[in-house]
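Chemist: All chains should be built: construct the whole structure from the sequences, respecting the hints.
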Amino acid sequence: MTSLRKALFYRIDGIVLLLYVILVAIGIMAVFSVEHRTTDVSIIMMNKTYMKQVVWFGYSLLLGFVILLTDSKFFSSFAFLIYTVALAVLLVTIFAGVDVKGSRSWLAVGSFRFQPGEIAKIFTALALAKFIALPETNFKTLKDRLLAIGISLAPAVLILLQKETGLALVYLCFFLVMYREGLPNAILVIGFSAIAIVLATLLLDRTTLFIIFTALALIIAWLIRHILRRRIMVRIILIGTWLFCILFSIFAVPFTFKHVLQKHHIERIYSTIGKEVPDEYDKGLVPGEEKKVNSSEYNVLQSKIAIGSGGFWGKGFLNGTSTKNQFVPEQNTDFIFCAIGEQFGFTGSSILVILYAILMLRIVYIAERQRSTFTRVYSYCVACILFFHFAVNISMTIGLMPVIGITLPFLSYGGSSLMAFSILIFILVRLDADRQTIIR
Amino acid sequence: MSTAANPRQYVISIIFIGIASVIMLRLFFLQNFEAKYKILANEYAIYKKVVYPPRGAIIDRKGKTMLSNTLIFDLMVTPHNLPKNFDTMQFCKALGIDKRTYINIMRRVLERNIEVRQSPFMEQLSPEQYARFTENAYLFNGFEPIERNIRQYENASAGIVLGYIGEVSPEMLKRPRYVSYRQGDYAGLSGLELQYEEVLRGKRGVHFQERDKWNRPSGPYKGGVLDSQEVSGRSLDLYLDADLQAYAEQLMTNKIGSVVAIDPQTGGILCMVSSPTYDPNLLRGHDRAKNYSMLYHTPTRPLFNRAIQAKYPPGSTIKPFTGLVGLSVGAITPSYGYPCRGSYNACKRSIACEHKDAGHAANFRLALAHSCNAFFCHVFRLTVDYKDFNSVKEGLQTWHNYYNNFSFGRLTGVDIPFENGGEVPDSFLYNKMYHNSWNSCTIVFVGMGQGELLLTPLQMANGMCIIANKGYYFTPHFVKAIGKNENDSLLRKYHEKHVVLNIPDSTFNIVQQAMEDVVESGTGAGAKIEGITVCAKTGTAENKAPVNGEVIKMQNHSMFVAFAPREHPRIAIAVAIENAGFGATWAGPIASLLIEKYLRDSVSVKRKPLEEKMLKANLINKYVFTIDSALRAHDAAVYEARMERKYFADSIKRAEDSTLFLNWMENTIEIIRSSKKK
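In order, the protein sequences belong to chains A and B.
Numbering (the numbering used here) for the first sequence: 1 to 440.
Numbering (the numbering used here) for the second sequence: 1001 to 1678.
Treat the hints as calculated values from the structure; they're not laboratory data.
C-beta: ideal position from N, C-alpha, C; glycine also.
What you were told as hints is all true, and nothing was included just to trick you.
Keeping only pairs whose Cα atoms sit at most 25 Å apart, straight-line, the calculated DSS-like set for lysine-lysine is:
1) B:Lys1608 with B:Lys1528
2) A:Lys275 with B:Lys1038
3) A:Lys48 with B:Lys1213
4) B:Lys1222 with A:Lys48
5) A:Lys275 with B:Lys1036
6) A:Lys101 with B:Lys1213
7) B:Lys1048 with B:Lys1038
8) B:Lys1348 with B:Lys1393
9) A:Lys263 with A:Lys275
10) A:Lys258 with A:Lys163
11) B:Lys1203 with B:Lys1222
12) A:Lys52 with B:Lys1213
In silico contact screen, one side only, chain B against chain A (beta carbon under 7 Å); selected entries:
13) Arg1008
14) Phe1016
15) Met1024
16) Leu1027
17) Leu1030
18) Gln1031
19) Glu1034
20) Lys1038
21) Leu1040
22) Ala1045
23) Glu1210
24) Asp1212
25) Gly1219
Modeler: Below is the structure:
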């Protein structure tokens, strides 16, 4: 037994764990810098957020230790079972959830509150990995692909019903995993094109867009005219794409804006692209709500002020005037990046971005060295979840994306978030330690 | 499981690296090229708080504080922070105001400022208001008393000397002296407060403070590295004797006039009274404007500093100087006598003298002791017509030069502002007045301190210093030390000894002897103090005032100048009481009481009845009010006339311009008509 344990210690990936600890430490320091006052008598004050985060980190390490001691087969064996339980919990949350700012994504057990949507990511990742790794699964068939998509998006649908859009969007990152596992290249093209068309729809007038699409189609048709003459299928695809684009921009986008998205979503999207919300999407005032300056615009402005004022070297530790004085909203959680950007400037934030990039690339590397498909798919899931959180969170703080309420992995304050990412990492490390064996 | 590397891992890695690069690029531009965010961050979070240090105190020669600061409380309100169930009635009760006042003030506050900003609700809470408010402060959230320093005049005396402070006006802000001031700052507006503004004010401190989203201060910015510490104003130590000042003010109650006492050894002013006095405490705080207007419209004009601004004919008090110049020039000798028989008739008209007995002007000593008009008129004539001078003009200019050296007819340079230089006539003035045809007879009155000769009480007192010191004086000044430093560069000019031409000590001895005789055996016997050799000169100055368009001869001014003790002079004094009669009756006793008080620290029991008489005397004539209202009416009429002229001139111009239009109209009509005819 001793020899095995020693072997396990040597088999775990030190780089990932080191990066994990560094990022959590940066997070605690960032929360500390925002909360600390010169008048504080002591650093250790249990009522302060950063101390709570330290406690959460303690719990995470404890749980991580337990995970490392667990047999790696456990995760694959129980993947579907836990996934089903997670779906059930998500379903329960829709009805029994605590109402926090209009969303019902929090579940309260006694005084303990957590967000099932955060935790469900882990089990979805495990379930997806398990499904793709099943011997009877052939990922080249449409049926299995649809099943995999279903497994990935089922929690997202439930979370959408909890009105926690940001969290639900995270589940889109599994497409990237499935792309690695064999979805056609077209999925990327379609994905990026869809984003481009939505942006174009929002930025441009509809008639202009119609003319542009038509002109583009005609130019392409002229360029490939000799192919078109011979292949009827290409003609259908071209006309189909053209028609789809038109319909998408003229009907689908307005429909989504009018009937699917909520008022604050629309405001955030338009404030990101720097335009006023058009009258047709203006949903008016919710009864009981006061007319005020677009609050999401204010949030992003303050966030940009905090980061932008950091300059090249930053204002120095504990000198973040914008974050310390609470001008930035949600600065302990979703906007924690502001604290780094303001206090450590371009240097500090670049180092942080590079740390994340190293972590993600390391996980991709880990994924690719696996013999077991289960571990590989799971590793990609972890990398993509991290990537999505990281990209969306930082982009929203610097005004590249609409404000979507998702956390910055390891840095943001919050028990659920930290726990979820810790479990993701520790399971990854545990599975990677057994990379020589094939887990099914 | 494939052994070959899956190419899609690179696609995914490139996506990761690509997005990370986009983020870094965006951060690079956001953090290095968008300066506006830095400005905005500072605007939001950093608050520049200006801290005003307490103004310097003013301390008298014995270490008694005359002017210091006291803490008052202004009640500030932040309407936004008022609790929903705010008990207005209780609040009004605590402050002792009615609900209507409350509503009015609140409305004004809300009109001027936004809800979340703190604005003044009530200035200068009274002690009981403050006490009642603090008792229930927990009920009145949103209200906050803020402490502030205001000036406190300890004895309510010496208002004209100490001056007052007030908000700087927009005109003042344009001047270079007030370059470091901002609207709403306080600055000295008169007296020592104005003269030593830079010293008393200290240095403003600037504290950079951080504030949070709710505009609450949250600590110093960068730990206070950028802050500049405020420096308290330096104190002023005066030569002024607060007790003497108070006593002089007491003696001068119900009299119009002024007292100036100077220490001849140093030029330090011991007391300066301009009566009627006012309580300087009126001119501070939020009632300043109201009280100022009240004082300004008082007929006796208490804001007018008579000691340095009022020009009086010195009357007989000038005679020592007339004699001094005469002796110095060589026009007379001490033994020179004039056969006065009650009048001076050498100049075709008769100038009356109080004394008729023969030999009252047998020599200089006797003449001065008896204040013989004839003698001094003649001495003046002898001086200006002295054989060494080519003409009377040259004689007068020499005399004028002497007087300028005595600091007559020019600013003495006292360290409070708005001094008047008085008037000493020169040949230029007489050339203009008499179209070049005048001689010593025309101007003979100047010799007895009448006519065109006008001096301020300060100049008279300074003149006494010159005689007491036998030929030199220091510029009269109040301040002995700035911040306990007697050699401050600002005080250097007051340590400079001004020597008055080359008049030998023997000449001064004669004048001093004669002035001693004034008290011992002459007109100023009422000023005699046992055991102290007082040298003095009485004066009864004729004066005129315009009443209802006519210049009427008024009751004489009572004047008195003195110094004591003769052997080792410690005090030189000038007292002027307007329209009170003989110098010996009123001004003399007051001066001598002050000398005794200063030299002996108390007035002897023997002289208590005299003191009582002086204290009780009311010498303000009823016609002062008439004259004042006449003067004010005159000023108003002059102003109105000027405005009317201006309006008239304007309307003429307007009429001219409108004729241009009429001409044009006529021309146009003419053209139209002629074209129609065609």
